[in-house]
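**Q** Here is what each chain is made of, one letter per residue.
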Amino acid sequence: MKCKKTILRNFNFLSILFLFAITAGNASAMEYPTAEVNTTGLAVTDTEVTVGILHSITGTMAISESGSVEAEKLAIKQINESGGVLGRQIKVIQEDGASDWPTFAEKARKLLVNDKVAAVMGCWTSASRKAVLPVFEKENGMLYYPTFYEGLEQSKNVIYTGQEATQQIIAGLDWIAKEKEAKTYYLIGSDYIWPRTSNKIARKHIENVLGGKVVGEEYYPLGHTNFGSLINKIKLKKPDVIYSIVVGGSNVSWYKQLKAAGITSDKWTLLTISVTEDEMLGIGGENVEGFYSAMKYFQSLDNPNNIEFVKAFKEMWGEDSVIGDVTQAAYLGPWLWKLAVEKAGSFDIDKIAEASNGIEFDKAPEGYVRIHDSNHHLWSKTRIGVARKDGQFDVIYESDLIEPNPFPEGYQ
Amino acid sequence: MFEGYTASEVGSIFAMQGFSGLSLFCVFLLMALGLAIIFGQMGVINMAHGEFLTIGAYTTFFISSLTQKYVPGFMDYYFLLAIIVAFTIAFFVGYLVEFSLIRFLYKRPLDTLLATWGLSLIMQQTFRSSFGAREVSPTLPDWLLGSVQLTDTIEIPINGLLVVGVTAILTGVVFYLVFRSRWGLKVRATTQNRVMSGAAGINTSKVDRYTFALGCGIAGVAGAVFTTIASTGPTSGSLYIVDTFLVVVFGGAASLLGTIASAFSIAQAQSILEFFLSGSMAKVITLLTVIVILMLRPEGLFTIKVRK
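Residue numbers (my numbering), protein chains in the order written: chain A, 1 to 412; chain B, 1 to 308.
With the rest of the complex left out, here is chain A:
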């Protein structure tokens, strides 16, 4: 008798829960029992799933990475408001990489081993990504990496939501060669892997495909602040296009001194792949006005997704906030992870890695994106923006969707 009662009570309890799930109209945790969707012991409960955010919020890189953190938190908040992932609310554990690569590796291990997070949104520089990559591969974690980067990498454990080098570089060069009938190019970069690899691709493309000529290729140490000699050399060579991949604090000195030396957009053409709206704040729009930037995303993009995204971003982080290319790419991370989990019907890393291939996302601020069928990079468009005085860009050109090709033949 007593036994029967318990069963009855249990039955009632279950049916109430079931009703609740139906009225909520969401994929409920009940349809996906924790034991089934989480077979590898990740931090997933009936109501919650934990993900990590791993960026530098202190140190030199905080300048760039703070936007990514903001975008990721916005995406996670929106996902939670719309019912979470497989009926579970996302809980965030944030760690600070402190602009120090060994710290990144250590914090990555902490997130994966101690916290058992189901995914990590994080890293910014290639150096930090290279530092955490062995950790993610050994502990079998999932990293969503937002920055445009030099390519030549592919991993089961990473989804690259920014562009790899050929997507950004080739489309931009094609456009400027056609539009400006440019023949001679001067390549300039900060002295580390991304600018060097990118300029290598640019040089091959200019010489072999466009039939142009590279009249100079130079690298300056990170943090270099005096470009007087370089500017004089450029004036001597008079290239049709100045192609710039200068980054960080150097960026500001570089553009301020160009402007002061009379290299402005009325007489010269400059194309860069390292200036987004974020950098414009520090450089000052008046110093970059009229120069071209090749990116997959600009804040001024005029489409309904983006207008809604910019509005939500400003509501959460303040009217004055600006959104650069990487910030938007970081916003894609949590959404692409959610889609992968739902497609796989599981939080297991192996299943997500597999399910990610070919995932489509049409709510992206940059427009429709799709993860490649095999290489974990995104199909995306490249746009050319003209810098405005107020720190925004006018988009004047948009390519077709470009296939990601992290190991480009003939460009290495």
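Think of the hints as simulated: they come from the structure by calculation, not from any bench.
Here a beta-carbon is modelled for each residue, glycine too, at the ideal position from N, C-alpha and C.
Where chain B lies over chain A, by a calculated footprint (3+ residues, C-beta under 8 Å): (1) 231–242; (2) 272–286.
Label-pair distances were calculated between CB atoms; the ranges are: (3) A/80 / B/105: 49 to 57 Å; (4) A/315 / B/153: 51 to 59 Å; (5) A/266 / B/100: 49 to 57 Å; (6) A/110 / B/100: 31 to 39 Å; (7) B/99 / A/222: 31 to 39 Å; (8) A/127 / B/292: 27 to 35 Å; (9) A/267 / B/242: 32 to 40 Å; (10) B/149 / A/363: 48 to 56 Å; (11) B/288 / A/318: 43 to 51 Å; (12) A/343 / B/288: 53 to 61 Å; (13) A/183 / B/142: 29 to 37 Å; (14) A/318 / B/298: 51 to 59 Å.
Based on these hints, arrange chain B on the given structure of chain A.
**A** Coordinates of chain B only, in the frame set by chain A:
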């Protein structure tokens, strides 16, 4: 390298190159002056020197935003005010730092190094927390933008001229203070023999405090001026610290003239090498040369002759 160019084109490139070397010299000198006083006269290794520069840069940004918001008509002139305020604020922060930290460490130079490095980290994070991690850009008055067109092909950047001008004035002032004023006499006396100076009635701890504060104030001015040519962010100052120490050590720590000579030779070497080689190579060669010279002359270019 110059084939296919007319003589006048090559001539004007050399003229502009000369100016670019000159302005690099002034940048080096401006940032090294404050440190030369602190390190040279007091023997304090101040790793936080760059952050005093940042104080000046942020002060300029702050004043520029205030001016733009409340008195837009004053935009043309705010920069001069910013330089003065930058000096004042950096001076007072320096005064406080000396009072609360440095004076306890005068007899422990290596501990000073560690303590000031910690201080620099604390200051960087303070900037980041209060002004945000992103770099900012003070709106410069129109007269500071662009260049002076001397001939058809020779253009001289106005912000470069400003750096040269401020450096000249500041160097003059520092020389007057150190070598001609009563205060300078006390500083030099304290440097040479602290105990004896004390016996002669000089309040040496007061001299120390003002010397340190003055060095910091000069860094503040440098920071304000550098906003016209470089970045303003929490870590901007640290971009200069290595070059600054290089200039001061190479010049001979206790000699202001040495600092000038060293700033000049390093700047010219780097500027000329950059023109003929690439930026990274120029840096490598400059540093190697400095290392070799310092191995041969550990005391630097200029030394004050003292009985040992």
